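So the sequences go chain by chain: B and G. For the record, in the first sequence the residue sitting at position 131 is 132 according to my numbering, with numbers rising by one throughout. For the record, in the second sequence the residue sitting at position 33 is 55 according to my numbering, with numbers rising by one throughout.
By construction, these hints were calculated from the structure, which means they are not laboratory data. The structure displayed is predicted, hence computed values, not measured ones. Backbone N, C-alpha and C define an ideal beta-carbon position, used for all residues, glycine too. Incorrect hints may appear among the rest.
With the C-beta cut set under 10 Å, the calculated list includes, among others, these residues of chain G facing chain B [as the list claims (entries may be wrong)]:
#1 Gly55
#2 Thr72
#3 Lys79
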Amino acid sequence: MESKVLFRLWTITDYEIEEQFLTEQHRAGWKFRRYVLPGFYFFDKCTPEEVVYRLDFDQAERGEKTEYLQLYRDYGWEYLFEVNGFSYFRKPVEPAEEDLEIFSDNYSRLEMVQRIFKRRMVPLLIVFLCCVMPQLLLQVSQSIREEYVAAKVLAGIFLVLFVVYVCLFIHCGIGIRRLKKKYEKM
Amino acid sequence: MQERIRRVYVPMTETGFYILFCLQEEMHGYNIGQRVKAMTGGEVSISPGTMYGTLSKMEKDGLIRFIREEEKRKLYRITELGQEILGIELRRIERLYKNSKGEYQNGE
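With the hints as extra help, turn the sequences into a complete structure.
Shown next as structure tokens:
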């Protein structure tokens, strides 16, 4: 069977773009089969079809994944797998199925945004404040005092990490605000 | 009744109302979805993510109770607290309806 691999990175607040991306791939005749960290997408060639992809974030209660998935199955959703807390589902548009959303009110959409914030953003912030920040300060002050190359390299690594984290926070912060605004208005 | 429960559930979302109303009979999530669709002529549909979230929350808040499992599907039923909340909500909706027809609450 013909297949292809794409590389793509996305962050927690871009799940709607991810859904759109997979839907478009399927429309073009590429069926999503597998995902490998940090961002390899494996597709199999298929007949082009209108299939919607939807992502739910970490909603199943502990020890209840089977029942959770059964409910989705009852509604005609095929479960693919879970990546980083996101459960991937898909469903063909035909036969004349009007229910192509996994959330039917904005209240539950907002709750998903809140879950993402609580379980992903908050831990990241803690790691940033308790590890990246103090380490950066420590390494920088050490690399100024000492002549060792290793100290300078370490300081450099933490500086890069610091910049990555800050960019991530800005991106996700804007993303969460955008999602909230969108669902509060609808 | 706890003030928090009352504040959260009165007035209720349309989803919450239909789920609680249906659970006066023992049912699982998909059952409820189908029933609501039939009752409302397809005007109200409750998607699985919303259904799952609402059921979990109502169970935690003690409005509904898990009864048993059938082929991996959880069957629920309303509790006394749930019945109380539903009663408050029904009276509120009745009042809205009466008022919208120009009637006053005390039948004047």
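Here is what the structure says about each hint:
At a threshold of 10 Å, the smallest CB-CB gap from Gly55(G) to chain B is about 7 Å, leaving the interface hint in force. The beta carbon of Thr72(G) is positioned within 10 Å of a beta carbon in chain B (closest approach about 4 Å), and the interface hint is therefore held. Interface restraint check: Lys79(G) against chain B, minimum CB-CB distance 9 Å, threshold 10 Å, status holds.
When the structure is compared with the earlier hints, no violation turns up for any of them.
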